[in-house]
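There are 4 protein chains.
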Amino acid sequence: MLYGDYLQIDKLLSCQEPVTRMAGNEVHDEHLFIITHQAYELWFKQIIFEIDSVREIMTNRIRDEANLLIVTSRLNRVVLILKLLVDQVTILESMTPLDFMEFRDFLSPASGFQSVQFRLLENKLGVRNDLRTNYGKSNYLKIFEDQEVISIIKQSEDDFSLCDLLQQWLERTPGLEEEDFCFWEKYRGAVSSLLDDKKAEAESQADEAEKALQLSEWKRKQELFESVFDVKKHNALVARGDRRFSHKALQGALMISLYRDEPRFNQPFQILLLLMDIDSLITKWRSNHVEMVLRMIGSSQFGTGGSSGYQYLRSTLSDRYKVFVDLFNLSTFLIPRHAIPPLSTLMKKQLSLRNDGNSSDGHAWSCKTEDEANAAK
Amino acid sequence: MLYGDYLQIDKLLSCQEPVTRMAGNEVHDEHLFIITHQAYELWFKQIIFEIDSVREIMTNRIRDEANLLIVTSRLNRVVLILKLLVDQVTILESMTPLDFMEFRDFLSPASGFQSVQFRLLENKLGVRNDLRTNYGKSNYLKIFEDQEVISIIKQSEDDFSLCDLLQQWLERTPGLEEEDFCFWEKYRGAVSSLLDDKKAEAESQADEAEKALQLSEWKRKQELFESVFDVKKHNALVARGDRRFSHKALQGALMISLYRDEPRFNQPFQILLLLMDIDSLITKWRSNHVEMVLRMIGSSQFGTGGSSGYQYLRSTLSDRYKVFVDLFNLSTFLIPRHAIPPLSTLMKKQLSLRNDGNSSDGHAWSCKTEDEANAAK
Amino acid sequence: MLYGDYLQIDKLLSCQEPVTRMAGNEVHDEHLFIITHQAYELWFKQIIFEIDSVREIMTNRIRDEANLLIVTSRLNRVVLILKLLVDQVTILESMTPLDFMEFRDFLSPASGFQSVQFRLLENKLGVRNDLRTNYGKSNYLKIFEDQEVISIIKQSEDDFSLCDLLQQWLERTPGLEEEDFCFWEKYRGAVSSLLDDKKAEAESQADEAEKALQLSEWKRKQELFESVFDVKKHNALVARGDRRFSHKALQGALMISLYRDEPRFNQPFQILLLLMDIDSLITKWRSNHVEMVLRMIGSSQFGTGGSSGYQYLRSTLSDRYKVFVDLFNLSTFLIPRHAIPPLSTLMKKQLSLRNDGNSSDGHAWSCKTEDEANAAK
Amino acid sequence: MLYGDYLQIDKLLSCQEPVTRMAGNEVHDEHLFIITHQAYELWFKQIIFEIDSVREIMTNRIRDEANLLIVTSRLNRVVLILKLLVDQVTILESMTPLDFMEFRDFLSPASGFQSVQFRLLENKLGVRNDLRTNYGKSNYLKIFEDQEVISIIKQSEDDFSLCDLLQQWLERTPGLEEEDFCFWEKYRGAVSSLLDDKKAEAESQADEAEKALQLSEWKRKQELFESVFDVKKHNALVARGDRRFSHKALQGALMISLYRDEPRFNQPFQILLLLMDIDSLITKWRSNHVEMVLRMIGSSQFGTGGSSGYQYLRSTLSDRYKVFVDLFNLSTFLIPRHAIPPLSTLMKKQLSLRNDGNSSDGHAWSCKTEDEANAAK
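Chains as they are written, first to last, in the numbering used here: chain Y, 1 to 377; chain W, 1001 to 1377; chain D, 2001 to 2377; chain A, 3001 to 3377.
If you're looking for bench data, these hints aren't it; they were derived computationally from the structure. One thing to keep in mind: the hints can contain errors.
[What the hints assert, rightly or not] Listed next, the stretches of chain A that the computed footprint assigns to chain W, with coverage defined by at least 3 CB atoms under 8 Å from CB atoms of chain W:
#, segment
1, 3059-3066
2, 3165-3174
3, 3262-3273
[To be verified] Short, incomplete list of chain Y residues facing chain W, as computed with Cβ under 7 Å:
#, residue
4, 98
5, 241
6, 273
[Unchecked claim] Covered stretches of chain D, as calculated for chain A (at least 3 residues, CB under 8 Å):
#, segment
7, 2091-2105
8, 2288-2296
9, 2326-2335
Backbone N, C-alpha and C fix where the C-beta goes; we use that ideal spot for every residue, glycine too.
Sequences and hints are given; from them, build the entire structure.
Dropping the structure here:
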């Protein structure tokens, strides 16, 4: 098998046909426009391939925790690709607006908004449909004309997204079981006691202004934590789109964050970090893309697809398009190390490697001979 | 002279004293926190050094256009440094929020908001004071206590900013003179004729719905251009902060953009691009910084300086903090190549290299011997 | 505490005194030269801080495997910093050679070669002294004049380097014990059988030329593996500097690579990857630095410290300066998945999380209710 | 026209057919392998498109110096793309060697060495055929089987490369004419006088050892410059491949470097910098690629195409594959600013913008009203 056959190079390199060339008046920069978008689409295919494989694992094989390592490494690859795509936008910035102006009219109403793969990617990650900005006052699906395409996109809305599967998994985080370690109750106790201390300190202030200030800050904090303890308040925030996770999933994510140093939580914590990276990078990509559009067509022109381009794109930068927004907000609910509820012996064991501690069975790493220990000094 | 003496390494490396170390309970990650901020401050000093030198050139020596090359290369250096700083933020993301929590209290009320150099940089570029977000409802200067520092910052408000000097220079763009080429009148004529064509095309539509649509688009475009032709409307936008440039400076920037291929406009156009890059990169830096803060303290906590950290920082991402916003919006007012008013012979000459065209004085580059020309085939 | 006091900004920003300014004829670009090198030194301090902390953990606390996570995160931070430093070189490329020429003479004989921290970093990682390029035919220490500095650097040669500590730890990799799983014997058997198959296939070829070709390839492979099985040959390669690891440490590294998916090997494998990244990035930094020097002074000039600059620097790009060269070469000794010796039940258990498999104790993640399983479909 | 039709997305996304999938045993990481290489090929097509357009301009249209700006912007785009490709290699590093091992055998003898576009790119830039490393002791063309492909590659060897065209153009640099400014003679005089001063200073040393040292350094410098003044020595270096440029082209490049601040040399100097960037980035790409191969297959394995992979690739990192090596070495021949021969009035004029200096014709930029000048204070 030859390189060119294996990679289908001839076919691949026959996909570039500039409209201005076909119209007999080729504009140099159109070639770049085509190649850049095609490179995006190739990488979108790869990202979707990885996300689908992660979704499959999280659906069927996540009970075997050894698979968490595979999830980590595939999400990490998605992060690497997204970093590349964020940089790739700057290449298109080298296009001259006057050149672009000369082939934009040919493209109308073609628009990046019509990228099927990008919609699939959003849905598979878990962008919530009801939080999307309306596109010309109609559903984002309306832009597509091909029925097959529409049904593929619809299917991606109906399938469990990565965000759904993550929540199902977080809800089963060891330690949440009420009849057992019951993390949530312990955490609530710790927070309550921190807040009481804060209140007491405030009330002990001699200076009235200072006292008032500290009390108002205490109040604010209390309300903040109330929003996470009171399930109704939490659900109201979810309904509004300010939070996305189920209450139980949020508990799991918080538990993993607080006890990230326990061996069994290592990979899970890495996964949470990678999902935040993915969210951030997609936002950065959107943001670079908006700026490129601004430089090309200004803020008041129509996009090639007839959308009010710039304004529409800018709206997608908001937190409403962030899928894992709750992970970013976890820091709000962290508590100082000294206040974190200690793990029970059983729980500690449940989260450990089988071989932790000074096992006496002679298996290495845990033990050093005295000579070695001395040498190490 | 030795390397260490020249760079004052001993002094430099004695500036890191973690508070947690001094308190006898060192938190590992504080060291990173200090080094990262000090690296920022070193680079801020370099950026200010470059911006000051550019301001000096634009004040005193810009009449000699050979100096434009120096301006270009120094602004380009600022761009390179800012790219580094944008990436540098991600290093601080490796800090663990639980570690940060342990030394944050020591720092209060120290805050990145108190970086004198960052305020100076903003003022020297030209961030408009009346467009700043109020910081805890008071002027941003209030955070500083040292009178000398306050007066240095105030001075930077009073001096001509880079944005001021740029405008003074743009207002003198060759070709704007009314008694001469009078670019603005010619441009206005070209736009007017484009709009008339658009209207005529709209009115010739048989389909009423289509006609209405096209007419409404024509109307929108007309109003858009009106905002740039009607000085009063322009000034109203400036007063609101939606535009920043004087009317004449905007004319100069647009002229340079349209005739960028003329040799005399090469460097000027590069300068406009670099200023946009600087603006973009500072926004990206702010944006990465906001996200890092979000990951560290969540969106609802107070910053170390007592500001409502995250929300305050997020507000600085808006276009109000963009100094060269008018340059980004120039694309809005570009017109197709065929409609750009041709340069007069005199104007063409005024914008050329002395030696352009097929000069007969034998100086090279312009001429090829016949043999060479044949060889080149 | 204020931001400026905490970060000692005044002191930090008083460390820049260009010699050309003091000589009354300031050369603009010298400021950049100083700031860039100072930024390097700040980050070198941070890297050394992290490497020292990792060395401390690997000396005293590595028996508790939970600490591996700390090692991973600190090495990862070193990687992030080195990536920044690799990019930082390009900023110095913006210096003009003609400007540099004007202050180079002042600096002589100051030279980047005199950076104490860079030598410390090399030694603490484990650059082998006998593999260093001689610098002007004398030991690299000769350039330093201060006795205290010399003794600090000498101390760093005598202390256990990260490479030493890594080897001590790899030598204790669980599974290497001869009386037990005895990885090495099993691996040797697997290789032997692969080679036999290869030979048999070669000998079965009808075509004589093809047979000869395949046999010669088999021979080459056999010799290659012999170099790793024959301790004498291995040690000869170590003496020559082509390998660095002890024979036992190499076994440990290979075992971790082959069984990386076992939970207990996750972090260890990450650590091996990060050490390769560190080596690669330092080489890239050296390489970018060489190129910058080439652009500034050409390949035939003397460096500022009197070294034959470019040639000396180029020699440090070789594999002799790579500390973890054996990790890169591990891929040479990988074998196909089907040929990897299966773990014994005991060994599998020794490398697992305590809770792997379908434990029946009700702790979550391992179990899904039937309802959930159905829902997941 | 729709987005998907315009970009031929369906065709583009049907080019990925993993061999392991077709063999019924899909290996997950093969998909990444295919996409990565296809993304390379797309970008190679774009780079070749830009390089061809630059070659066309330099063949036919470079007499009109306004076209230099187009050359600059297209070369700059090539630089941006190459930066992306350098980063892209790290994505492939996320492939696991054990996975790669499972589909490598299928690919044999396909090899990246068979990328037609990469060979074309090398030839179009100007990699010299006689300096190529032999590939398995035979000409690099032998790997290709398709006659049409071979003739396309051969054609690219015969056409003027970018390096050829650059030389033709540099040879005509204004100022080189012997009957006129005659740069080379003036430069030779300046160097000669610098060397005489150096010798005199050496001979005036009282200390014999110091005298000997300085004289030997003087001698070395003299020989260095002799290699550029003595055409025979220069040509010998060219024959060996240590230099590439004709003697006259080298003169032109040096003249542009020394007088880069003259307006007419601005763009030409930018072009020289960009060509160095292109050379550097291709070397970095090769270098990252070598390292990725090392991590995947180790240093002693065969590449998929049967080449001795790693060793072959490593050999292409040498300066023999650098096309614009003479530009890097220019710094060797720079002389201090005070020693640079001053331009004659005529020459100064020939290199200026038409409007430089304080012209009195009222065209702006050159003049400030007194009011403005005062305001600027």
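Output the indices of the hints that this structure fails to meet, ascending. 5, 6
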